[in-house]
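Chemist: Chains as they are written, first to last, in the working numbering: chain S, 38 to 284; chain R, -16 to 160.
Hints are computed from structural coordinates only; laboratory data are not their basis. Note that CB positions come from ideal geometry on N, CA and C, so glycine has one too. Some hints could be false.
[To be verified] Cβ-Cβ distance ranges computed for the label pairs, FRET-style:
| hint | chain 1 | residue 1 | chain 2 | residue 2 | range |
| --- | --- | --- | --- | --- | --- |
| 1 | S | T84 | R | G23 | 37 to 47 Å |
| 2 | R | G64 | S | R206 | 42 to 52 Å |
| 3 | S | R206 | R | S16 | 15 to 25 Å |
| 4 | R | G118 | S | G159 | 36 to 46 Å |
| 5 | S | I71 | R | K126 | 31 to 41 Å |
| 6 | S | L68 | R | L139 | 46 to 56 Å |
| 7 | S | F65 | R | V32 | 58 to 68 Å |
| 8 | S | L254 | R | S102 | 27 to 37 Å |
| 9 | R | K126 | S | A223 | 44 to 54 Å |
| 10 | S | D199 | R | S16 | 15 to 25 Å |
| 11 | R | E77 | S | A124 | 21 to 31 Å |
| 12 | R | G88 | S | P195 | 48 to 58 Å |
[Unchecked claim] Here are the computed lysine to aspartate or glutamate pairs in the EDC-like style, where the Cα-Cα straight-line distance is at most 16 Å:
| hint | chain 1 | residue 1 | chain 2 | residue 2 |
| --- | --- | --- | --- | --- |
| 13 | R | K78 | S | E119 |
| 14 | R | K78 | R | E12 |
| 15 | R | K78 | S | E133 |
| 16 | R | K78 | S | D234 |
What follows is each chain in one-letter form.
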Amino acid sequence: MRLRARLVSLLWRWHRRLGLAASAFVLFLALSGIALNHSSGLALDHTRVSSSLVYALYGVEPPAPRAYRAADYWVSQVAGEELYFDAQPVARCSGELVGALAQGDYLVLACAEEVLLFTADGELLESLGIGAGLPVPLQALGREAGGLLLKAGGQFYPFDPDLPDFVPRPEAGDEVQLVQAAELPAELAGQLPGGLDWLTWERVLLDLHSGRLAGPLGVALVDALGVILCVLGLSGFAMWWLHRRRG
Amino acid sequence: MACRPARARAYLAGLVLVWLALVPAAQAEQYLSREDFLAGAFGAASPSVETLWLTADQRAAAEAVVGWAPGGLRTRYWREGERTAWILEHIGKEKPITLGVTVEGDSIVSVAVLAFRESRGWEIRYPFFTEQFDGLSLAGDGKLSGPVDGITGATLSVRAVERMARLALWLDAQVGS
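All chains should be built: construct the whole structure from the sequences, respecting the hints.
Modeler: Set out below in structure tokens:
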């Protein structure tokens, strides 16, 4: 009887200590687990991180927008596929923006896998992709005396927005001017959403939940917590069993 | 002690790089070229390339009937007699699927997946799925006239193909036979 009382006392003492030590972590894991279960509903899976602290933790640089000046607009794309006229989102585009310019009544935006044609007022006219015979991935958009040119696979394709047909031409010619990216004015850049497309709050929460965000120590800590929870379960069961036998 | 944070950051950067390397590439997997699709749709005939301009009212009507409308003001298609062919793109889960639909006499002649960019759901390209659309037309409620069996694990891709097939039928009705 005496041995059993001492055992229950020891179990109880350590059960309390371990429970207290683990409580804050258990609370965090429970809440983060619930949040991860509902990441889509909470928009965590597509909300990009803009915190410079988190970028520093991951050891990556926040992306800079890629921008071109076309007609009266600054055309830009930040990390993902959304395109902006100045600070106004206008369309999604497959692949990285490689050029933008105004030609006649058109604004032509070239992405790696898609060309978008807009009216001079900024209304989307047409999207041309693989289905239209577009050679991909596009490398650049340019201009020459005869009109527009697209560059893909090292070859140049004359491009007429009214009659898009993509027949390669081996030589670029001397007068070709490829559109060059420009630096977006800081005031405008500040109005655009930043962030890498893969670094969402769901990713951060998942890495916090698993401990990976703190490196090997974090993973070891979460592992230790798992062991403590097992011990708590076993000690709780043992105390119940010993009390039951005594009763 | 001072080098520990740097080591942790390097470890995290390594993890991120490994993760990035494992992420499936976003490049399109092209199964069929435009030329091959049109050759299948029209055989030896030479279809003319035509343009359908969509007003805001027409796009609203497409939204109401099909639940989706092309984003642009104009859509190109190919025509030979009563047969039309449409190449459309619609997002499955995150990336667009490129689909070719051939229509004649208000019914689908064939459906073919030209390109697929998602990491899952590519099974929709196989004939066991696409052949289900043959002969279907647009019912009064804007749905397809017959059932289309889904594919486990490819629900969103199946849904995108159904929408594009319905839109192709609706567009064909706009240009008249």
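Chemist: Determine for every hint whether it applies to the structure shown.
Modeler: Verification of the hints:
1. Distance hint check for T84(S) and G23(R): the Cβ-Cβ separation is about 43 Å, which falls inside the suggested range of 37 to 47 Å.
2. Between G64(R) and R206(S) the beta carbons are some 34 Å apart, a value that contradicts the proposed interval 42 to 52 Å.
3. Separated by about 20 Å at the C-beta atoms, R206(S) and S16(R) satisfy the suggested range of 15 to 25 Å.
4. Hint check: G118(R) to G159(S), Cβ distance near 42 Å, so the stated range 36 to 46 Å holds.
5. In this structure the hint that I71(S) and K126(R) lie 31 to 41 Å apart at CB holds, the actual value being about 37 Å.
6. L68(S) and L139(R) have their C-beta atoms about 29 Å apart, which leaves the hinted 46 to 56 Å range violated.
7. The given range of 58 to 68 Å is respected by F65(S) and V32(R), whose C-beta atoms sit roughly 60 Å from each other.
8. Take L254(S) and S102(R): their Cβ atoms lie about 32 Å apart, and the range 27 to 37 Å holds.
9. Checked against the hint of 44 to 54 Å, the pair K126(R) and A223(S) passes, with Cβ atoms roughly 51 Å apart.
10. Checked against the hint of 15 to 25 Å, the pair D199(S) and S16(R) passes, with Cβ atoms roughly 23 Å apart.
11. Between E77(R) and A124(S), the C-beta spacing of about 24 Å keeps the proposed range 21 to 31 Å intact.
12. Between G88(R) and P195(S), the C-beta spacing of about 38 Å breaks the proposed range 48 to 58 Å.
13. With a C-alpha separation of about 13 Å, the suggested pair K78(R) and E119(S) falls inside the 16 Å cut-off, and the hint holds.
14. The hinted pair formed by K78(R) and E12(R) meets the criterion: a straight-line CA distance of about 11 Å does not exceed 16 Å.
15. In summary, the hint linking K78(R) to E133(S) is supported, as the alpha carbons are separated by about 14 Å, within the 16 Å threshold.
16. Taken as a hint, the K78(R) and D234(S) pair is honoured in the structure, with Cα atoms around 13 Å apart against an allowance of 16 Å.
Against the hints set out earlier in the document, violations occur for numbers 2, 6 and 12.
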